[in-house]
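Asker: Kindly generate the complete structure, drawing on both the sequences and the hints.
There are 2 protein chains.
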Amino acid sequence: VPDKEFQRLLGEIGVQVRTIRTSRGLSQEALAFDADIDRTYVSQIERARINPSLFVLHKIAKALGVSARVLLQVDRAE
Amino acid sequence: VPDKEFQRLLGEIGVQVRTIRTSRGLSQEALAFDADIDRTYVSQIERARINPSLFVLHKIAKALGVSARVLLQVDRAE
Numbered sequence: 001v002p003d004k005e006f007q008r009l010l011g012e013i014g015v016q017v018r019t020i021r022t023s024r025g026l027s028q029e030a031l032a033f034d035a036d037i038d039r040t041y042v043s044q045i046e047r048a049r050i051n052p053s054l055f056v057l058h059k060i061a062k063a064l065g066v067s068a069r070v071l072l073q074v075d076r077a078e
Numbered sequence: 101v102p103d104k105e106f107q108r109l110l111g112e113i114g115v116q117v118r119t120i121r122t123s124r125g126l127s128q129e130a131l132a133f134d135a136d137i138d139r140t141y142v143s144q145i146e147r148a149r150i151n152p153s154l155f156v157l158h159k160i161a162k163a164l165g166v167s168a169r170v171l172l173q174v175d176r177a178e
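As you go down the protein sequences, you meet chains A and B in turn. Take the first sequence: its letter number 55 is residue 55 in this note's numbering, and every next letter is one higher. Take the second sequence: its letter number 63 is residue 163 in this note's numbering, and every next letter is one higher.
Simulated from the structure, these hints should not be mistaken for lab results. Backbone N, C-alpha and C define an ideal beta-carbon position, used for all residues, glycine too. Treat each hint with caution, since some may be false.
As the list claims (entries may be wrong) - Listed next, with one range per pair, are the computed distances between beta-carbon atoms:
id : chain 1 : residue 1 : chain 2 : residue 2 : range
1  : A       : Thr-19    : B       : Ser-127   : 39 to 45 Å
2  : A       : Thr-19    : B       : Lys-104   : 25 to 31 Å
3  : B       : Gln-173   : A       : Ser-23    : 19 to 25 Å
4  : A       : Asn-51    : B       : Arg-149   : 17 to 23 Å
5  : B       : Arg-149   : A       : Gly-65    : 27 to 33 Å
What the hints assert, rightly or not - The following residues of chain A were derived to be distant from chain B, with all beta-carbon distances above 12 Å:
id : residue
6  : Arg-18
7  : Thr-19
8  : Glu-29
9  : Arg-39
Stated by the list, open to error - Here are the simulated EDC-like pairs of lysine to aspartate or glutamate, each with C-alpha atoms no more than 20 Å apart in a straight line:
id : chain 1 : residue 1 : chain 2 : residue 2
10 : B       : Lys-104   : A       : Asp-34
11 : A       : Lys-62    : A       : Asp-38
12 : A       : Lys-62    : B       : Glu-105
13 : B       : Lys-162   : A       : Glu-5
14 : B       : Lys-162   : A       : Glu-12
15 : A       : Lys-4     : B       : Asp-134
16 : A       : Lys-62    : B       : Glu-112
17 : A       : Lys-62    : B       : Asp-103
18 : B       : Lys-104   : A       : Asp-36
Answerer: Right under this line is the structure:
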């Protein structure tokens, strides 16, 4: 079932991850290493290609120095 | 790897789901039906026993009439 709202949410999270990651001067590889996940996973999340688990979002957020909530709040990007 | 922050986040989401669900007068069964997920999944999320995917959180939020963001914002419960 296609779900436009979910795709928009995924897209916003992807942009948020990329925005904060680049503001930290981190490569996808460096973020993946810090978050202890596969690099391709970072790339897929930034391109809104996968449905991440909350734990993966939490690990990414932690590696970026923010809370998981921040990743879902595009209007509160740092 | 135990992760206290993640467990706290899961716990807060579980409380949030239960709070909004009961404020809507919905049983776990009714919410599960509306969200098109298994009832045991609702119970496990409310008890912080599983690591949900973002899509499942989105479907629950939609069935509750809120956005997925609201489920992560305990200070903004409706």
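Asker: Now look at each hint and say whether the structure bears it out.
Answerer: Hints, verified against the model:
1. Thr-19/A x Ser-127/B: 39 to 45 Å: Taking Cβ atoms as reference, Thr-19/A and Ser-127/B lie about 40 Å apart, which means the hint holds.
2. Thr-19/A x Lys-104/B: 25 to 31 Å: 27 Å, holds
3. Gln-173/B x Ser-23/A: 19 to 25 Å: 23 Å, holds
4. Asn-51/A x Arg-149/B: 17 to 23 Å: Holds, since Asn-51/A and Arg-149/B (Cβ atoms, about 20 Å apart) stay within the stated range.
5. Arg-149/B x Gly-65/A: 27 to 33 Å: 28 Å, holds
6. Arg-18: Consistent with the label, Arg-18/A stays out of reach of chain B, its closest Cβ about 17 Å off (over 12 Å).
7. Thr-19: Holds, since 17 Å exceeds 12 Å.
8. Glu-29: Holds, since 21 Å exceeds 12 Å.
9. Arg-39: Holds, because the least Cβ-Cβ distance between Arg-39/A and chain B comes to about 20 Å, which exceeds 12 Å.
10. Lys-104/B x Asp-34/A: Satisfied, since the Cα-Cα distance of roughly 18 Å is no more than 20 Å.
11. Lys-62/A x Asp-38/A: 15 Å, holds
12. Lys-62/A x Glu-105/B: 9 Å, holds
13. Lys-162/B x Glu-5/A: Given that 20 Å is the threshold and the Cα spacing comes to 9 Å, the pair holds.
14. Lys-162/B x Glu-12/A: 17 Å, holds
15. Lys-4/A x Asp-134/B: OK: Lys-4/A and Asp-134/B at ~18 Å, within 20 Å.
16. Lys-62/A x Glu-112/B: 17 Å, holds
17. Lys-62/A x Asp-103/B: It holds: about 11 Å lies between the C-alpha atoms, which stays within 20 Å.
18. Lys-104/B x Asp-36/A: 17 Å, holds
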